[in-house]
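K.L.:
Chains A and B are the protein sequences, given in the same order.
Offset between the first sequence (1-based) and our numbering: plus 57.
Offset between the second sequence (1-based) and our numbering: plus 57.
Hint data in this document are derived by calculation from the structure and do not stem from the laboratory.
Some hints could be false.
Chain B regions said to be covered by chain A (calculated; three or more residues, Cβ under 8 Å) [claimed, not checked]:
#1 60-74
#2 112-123
#3 145-155
#4 175-189
Heads up, the beta-carbon is just placed ideally off N, CA and C, and yes, glycines get one too.
Protein chains: 2
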Amino acid sequence: MNKTIETMLNHKSIRKFKDQEIDPEIISTLVDVARHTSTSNFMQSYSIISVSDQEKKEAIAKVGNQPYIAESAHLFIMVIDQNRNMHIAKEKGQDTEVLHSFDRFLIAACDALLASQNILTAAESLGLGGVVLGSILNQADQTAEILGCPEFVFPILGIALGYPDQTPQLKPRLPQELMHFENEYPQHENLHQKLQDYDKTVHEYYDLRDANRRVDQFTKQITEGMNRKHPGRMKLLEFLQEKGFAKY
Amino acid sequence: MNKTIETMLNHKSIRKFKDQEIDPEIISTLVDVARHTSTSNFMQSYSIISVSDQEKKEAIAKVGNQPYIAESAHLFIMVIDQNRNMHIAKEKGQDTEVLHSFDRFLIAACDALLASQNILTAAESLGLGGVVLGSILNQADQTAEILGCPEFVFPILGIALGYPDQTPQLKPRLPQELMHFENEYPQHENLHQKLQDYDKTVHEYYDLRDANRRVDQFTKQITEGMNRKHPGRMKLLEFLQEKGFAKY
C-alpha cells in the first residue's frame, strides 16, 4: 500500500464544492498528467476543453440535469478528437477516409478515457474532489454545440473538480469473485443468490444524494435500470455518425 | 508535485519484463483499485479476466502480433460487460432490450477504461511496468473466443505487467496549447507549422522498439497512419453488433 493506491481505494465522487478556486498551476499539472497517459499508436486522439465561461457551465449543467456541474471550481470536458489529426493529414493532401471507421473512434475513446482517469486521480491526490460526468451525453448534440465541436470531435465525459464540501461514505463495490475471472468468462447463474450479501451492504450504504432514503439493493438498481431510456441517449450512435464517426 | 503525479508524469510503456513473478496480493490490490474507480450509474458494467494460461497468453500475443504479451508476468484483459447485468435482470423477468443501445456500450466502455488506467498507474506506483494493449482488437473475434466471451461481453484492451527490464526514454507529447482549449474547440490551421518544434523533438526521441532508426516526425506518423487499415479492425463495429452491442 502506498499513497497512490490509498487515494484510489478512497475514491468518492464529490458533488458539493467549497467556494475556493483551484490554482491555475494545478490545472496545468492535471493537463500534463493527461498528456503523459498511454495513447494508442502515439496518435494522441483526444483533447481537453476547460469550461470557465459561467454561462456555458450552466448550459452543460442543464444538459446533465446536475446543478453541481455549474458550481464546480473547474470543469474539464474530455473530447474524442480526430479533427486535429484529420487537419494534419489533409494539409499534406492525405486521404482521411479511415477516420469514419469504428476503430478510429474506439482508439480515440481509449485515449480520452485513460487520460480522464489520470486527471481525476491526480486531482484527488492533491486534496481536490471530483465527479465523472457521463451526463453530458444526455444531449450530446447540445454539449457539442455549446463547445463548438466540429466534425470528428465528440465530447465523451466531463470531470467537475473542486475542494470537497462533503464527506460521502465509501461506496461498496461488487466483490472480486463476481468481476475478476481467470482465463475464461464464466457462465452466470443464481446471481441474485450470490449477490445477497452485497445487496444488503449496498442497501445500508448512506447516499448523500438522497439522504432521506436508503439506496436500493444493487440487483434492484440493475433490474430497474433496464427501463431507463433517456431519449437523448438512445440517439447517441446517430449523433456520433453525424460527427463523422462509426460509419462502419 | 507528489508521488502519484510523479508516477503519472514518468509513465513509459514497458515491453520487456524480468523473469520475476508478481505477488498474488499485488494482483488483488490492482483489482481492488479497479473496483473503486468511478462507474456510470453505479452499474459496474465491466469485468477483468486475468490470463495465466500460457497457451492463451501466446494466442493473444499472436492476435496482437506482440510477442511480449506472452512474456509478461501478468496479463489483464479488460472487458466491457453487460452480460452480468443482463443475467441479474433476466432472473427477475425484466426485459433487457436497452442493452442493444450504443449508450449502454459506451457507458460500459467508460467503466472499463477508467478502471484500466487506475490499474496501470497503481502498478507503476509499485515499481511494476506495463503496456496498454489495444492490439487485442486486431482480431477481436479471436480474443473473445480465446476467453469465452459470451453475448454482451467485449474485450476492449489488455494490460501486460511485469518488473521492467528496460528503461525507455520519456516519450514527448503534444504541447498543451494544441490539445487543451478554453470554452471552445478551435479552428485548426497551419498545423505543420505549429508542430515544427514538436516534430523535431519527436524525431530525436530514441525509441527502444527499433533502436536502429530515429522515429518519424509526429505529423508524418499521423499522415501515414491514415493508410493503416488492419482488416480485422475495419470490422470492429460488425463484431460489436454480433455480440449484441450498438445496434442503434
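K.L.:
The structure should be examined with respect to each hint, and the outcome stated for every one.
P.N.:
Checked hints:
{"no.": "1", "hint": "60-74", "verdict": "holds (count 9)"}
{"no.": "2", "hint": "112-123", "verdict": "violated (count 1)"}
{"no.": "3", "hint": "145-155", "verdict": "holds (count 9)"}
{"no.": "4", "hint": "175-189", "verdict": "holds (count 8)"}
Hint compliance for this structure: hint 2 alone is broken.
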